[in-house]
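There are 2 protein chains.
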Amino acid sequence: MTKRRLFSPGPTEVPWQVSRQLAQPLIHHRTDEFRQIHRELVEGLQWLMRTENPVLVLTSSGTGAMEAAAVNLTGPGDKVLVTVLGKFSQRWKEIAEAYGLDVITVEATWGDPVPVEKVREALETNPDVSAVFTTHAETSTGVLQDVKAMAELAHNHGALIIVDGITSVGCEELETDEWGLDVVVGGAQKGVMTPPGLSYLAVSPAARERIEHREHPVYYFDLARALKSYKNWDTPWSPGIPLIIGMREALVMMRAEGRENILRRHARNSQATRAGVTALGLRVLASVPARCTTAVVIENNRAESVKKYLVKKHGFQIAGGQARLKGKIVRIGHLGYYYEADMVALMAAFESTLFDLEIIDSLGPGVEAMLEVYRGK
Amino acid sequence: MTKRRLFSPGPTEVPWQVSRQLAQPLIHHRTDEFRQIHRELVEGLQWLMRTENPVLVLTSSGTGAMEAAAVNLTGPGDKVLVTVLGKFSQRWKEIAEAYGLDVITVEATWGDPVPVEKVREALETNPDVSAVFTTHAETSTGVLQDVKAMAELAHNHGALIIVDGITSVGCEELETDEWGLDVVVGGAQKGVMTPPGLSYLAVSPAARERIEHREHPVYYFDLARALKSYKNWDTPWSPGIPLIIGMREALVMMRAEGRENILRRHARNSQATRAGVTALGLRVLASVPARCTTAVVIENNRAESVKKYLVKKHGFQIAGGQARLKGKIVRIGHLGYYYEADMVALMAAFESTLFDLEIIDSLGPGVEAMLEVYRGK
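First to last, the sequence lines map onto chains R and H.
Start counting the first sequence at 7; every next residue gets the next number (our numbering).
Start counting the second sequence at 7; every next residue gets the next number (our numbering).
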């Protein structure tokens with residue numbers, strides 16, 4: 007038996023305060039008691055996402071909410087622009103193609119953000135683009151994109167801007183209303199520290215206008231129906247009741263910590279992790295790193311060995327590379343319920359693992375560099 | 007404060023053995039540990055549903071799995087037959103219409119099953135029907151349908167038979183393989199005593215053949231993709247991990263009780279409840295009652311008052327009528343974790359409520375008639 011320590015960029019560690027809520031005797035959802043809980047959860051998400059837009063909570067993983075956004079905000083044959091910089095932003099493209107949209111792709115090397123300038127050019131070449139689908143933090147590479155600038159481009163173009171914020175909500179600077187983001191999609195099992203099974207979307211007035219005139223076939227993810235139920239704090243279908251109660255509790259904890267404190271903690275964890283792995287002589291994949299996860303390049307296709315050794319010997323469950331990055335990187339999650347002590351413990355085990363596997367030849371510099379960051383001020 | 011007692015036909019009471027599983031430290035789903043749990047859950051569901059077909063577990067409520075079945079097994083413009091006998095069977099019609107199918111509806115008065123003879127006639131008149139969508143137990147009326155006979159008709163016709171078993175799995179006689187059911191859809195929050203947030207489908211070889219040639223656009227509910235992941239006990243998207251662990255535990259409990267014992271218990275609870283309400287001078291809505299829930303007619307539109315008084319005074323959360331039955335019936339759930347003692351306690355409170363509201367003028371006959379059934383043998 008090894009003590010479990012979940013450090014993946016999703017699902018992330020769930021605080022006991024949230025876990026114990028899941029074990030409560032089940033209540034029925036067609037009750038005032040549930041409606042009040044739903045309302046409090048939504049108000050918490052609005053606070054976190056900096057929006058006064060409705061936030062619709064769906065019983066699905068984040069991919070379901072991505073599909074809901076695409077299906078409800080576009081019509082057959084619409085031309086849309088998608089930024090692709092890794093596995094999860096690639097998903098926008100796959101969803102758009104599944105619905106027969108005319109997809110303009112602006113790509114970046116995995117490890118880089120898509121340059122805003124390339125998006126501008128693509129929009130100029132394609133004046134009939136009606137929606138831009140982009141990704142705030144790309145989980146597969148740990149890269150942050152300038153969503154604010156992309157939103158400006160989309161708006162100047164008269165297009166909607168739809169953002170995958172699944173790994174950025176509760177971690178990155180995100181100003182849904184100030185930046186005019188039409189849809190921001192989130193998931194439970196990320197910065198909001200809840201097990202997977204729920205997703206959510208903030209929908210702007212312009213997005214709601216499109217939703218009312220939806221053309222694609224849809225039923226479970228019909229957002230017009232969800233918006234109608236939302237008026238009474240109901241959901242169209244039986245919702246994931248325990249997770250809704252758990253996520254509400256997570257937001258109570260987050261409000262107690264304070265939004266700025268949470269973002270600062272994530273920035274510090276991210277900076278410290280980068281300092282640690284760099285001191286070990288390893289390279290961080292992301293040229294513009296997000297705060298959610300640090301993707302570390304492991305040479306000679308030994309990333310899976312590192313991941314497996316780390317969990318087996320020390321119990322730390324980190325993530326490996328996906329698709330074309332499989333075997334080439336490991337991803338350390340620090341998104342959600344992680345503090346200095348957690349990161350230091352992880353780094354010591356990580357260093358020890360690399361040493362045991364003869365990838366590095368001395369112990370100490372990782373933890374030392376990390377602590378320097380934490381003690382910096 | 008009133009002690010809570012959940013007696014709705016979904017969500018149903020969750021045993022503490024299941025609840026406590028939800029509060030476990032979260033594990034990652036891309037691990038052998040999760041795959042083993044997923045496998046055990048599937049094997050449990052196969053045991054319960056009497057099938058060797060793959061059972062795909064989706065992170066959505068039951069409606070999502072219904073949509074998944076419809077989208078993956080039909081093509082645009084296909085002619086399908088739907089039996090409509092209440093609010094939930096009506097949903098098959100709505101889903102089919104949302105996807106532009108040519109829908110032949112065979113209806114029954116709410117409270118009756120759709121006569122098999124009417125289905126036979128409709129199939130004869132419409133030789134090009136490629137799939138029959140039906141409902142085993144209609145939750146809104148408490149009516150049971152003869153799915154076995156309908157399956158025979160569909161097969162003789164060369165059509166697929168797709169069954170909503172959401173409120174029948176773990177409660178009614180259901181022989182998925184023996185009856186040749188191509189799809190049976192289930193939900194977590196019903197007979198399998200788990201909170202809502204998961205659904206599942208058993209898919210026959212003929213259904214899998216159609217899935218491989220799907221034509222409608224779909225992404226999250228792409229069952230070909232789910233089947234591919236299933237081969238390694240994976241899921242395409244982040245699954246509802248705690249609910250999967252909880253539902254596995256529920257199936258361990260069910261196997262310990264035994265399938266025949268569970269079905270007999272449900273039959274007895276259902277029979278005793280009907281005896282009780284009949285002795286009170288009330289009418290059971292269903293002409294062919296299912297074992298999952300008893301819909302009781304309350305005259306003079308007083309059903310909502312009964313429901314509210316019962317939960318406020320005694321803590322028993324039953325369900326009211328839906329759509330055209332709103333205000334006209336209450337529905338007592340006895341689907342899942344309910345035993346004689348639970349039903350007797352419910353009946354005493356129900357009787358007391360009706361007496362306080364001056365709907366009946368003497369106390370006692372309901373509990374008495376119920377106990378006669380339980381003591382019968």
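Check each hint, because a few of them may be wrong.
Given that identical chains are not distinguished, each listed pair holds provided it fits within a single copy or across any two copies.
[To be verified] Only pairs whose alpha carbons sit at most 30 Å apart, straight line, appear in this in silico DSSO-like list of lysine-lysine:
#1 Lys124 / Lys319
#2 Lys318 / Lys234
#3 Lys318 / Lys99
#4 Lys237 / Lys318
#5 Lys318 / Lys154
#6 Lys237 / Lys93
#7 Lys237 / Lys334
#8 Lys85 / Lys334
#9 Lys9 / Lys154
#10 Lys9 / Lys85
#11 Lys124 / Lys332
#12 Lys124 / Lys9
#13 Lys154 / Lys314
Hints in this document: simulated from the structure, not taken from any laboratory.
Being a predicted model, the structure only gives us computed values, none of them experimental.
Alpha-carbon proximity between Lys85 and Lys334, which holds within one copy, between copies, both or neither at 30 Å: Neither. Shortest intra-copy (35 Å) and inter-copy (50 Å) distances fail the 30 Å Cα cut-off.
30 Å Cα threshold - placement of Lys319 relative to Lys124: The answer is neither: 45 Å in one copy and 65 Å across copies each exceed 30 Å.
Within, between, both or neither: Lys237, Lys318 at alpha-carbon 30 Å: Between copies only: 25 Å across chains, 49 Å inside a chain, cut-off 30 Å.
Within, between, both or neither: Lys318, Lys234 at alpha-carbon 30 Å: between (49 Å within a copy, 28 Å between copies)
Same-copy or cross-copy closeness of Lys9 to Lys154 [CA-CA at most 30 Å]: So Lys9 and Lys154 fail the 30 Å test inside a copy (41 Å) and across (50 Å) alike.
Homo-oligomer pair classification [Lys9, Lys124; C-alpha up to 30 Å]: neither (47 Å within a copy, 61 Å between copies)
Lys237 and Lys334: within-copy, between-copy, both or neither at 30 Å Cα: between (48 Å within a copy, 25 Å between copies)
Homo-oligomer pair classification [Lys314, Lys154; C-alpha up to 30 Å]: neither (38 Å within a copy, 49 Å between copies)
Copy assignment of Lys318 with Lys154, given that the CA separation must stay at most 30 Å: Classified as neither: same-chain Cα gap 41 Å, cross-chain 50 Å, threshold 30 Å.
Identical-chain pair category, Lys9 with Lys85, by Cα at 30 Å: For Lys9 and Lys85, the Cα distance exceeds 30 Å both inside one copy (50 Å) and across copies (56 Å).
Lys124 and Lys332: within-copy, between-copy, both or neither at 30 Å Cα: within (27 Å within a copy, 57 Å between copies)
Alpha-carbon proximity between Lys237 and Lys93, which holds within one copy, between copies, both or neither at 30 Å: between (35 Å within a copy, 22 Å between copies)
Hints 1, 3, 5, 8, 9, 10, 12, 13 from the earlier list are contradicted by this structure; the remaining hints agree with it.
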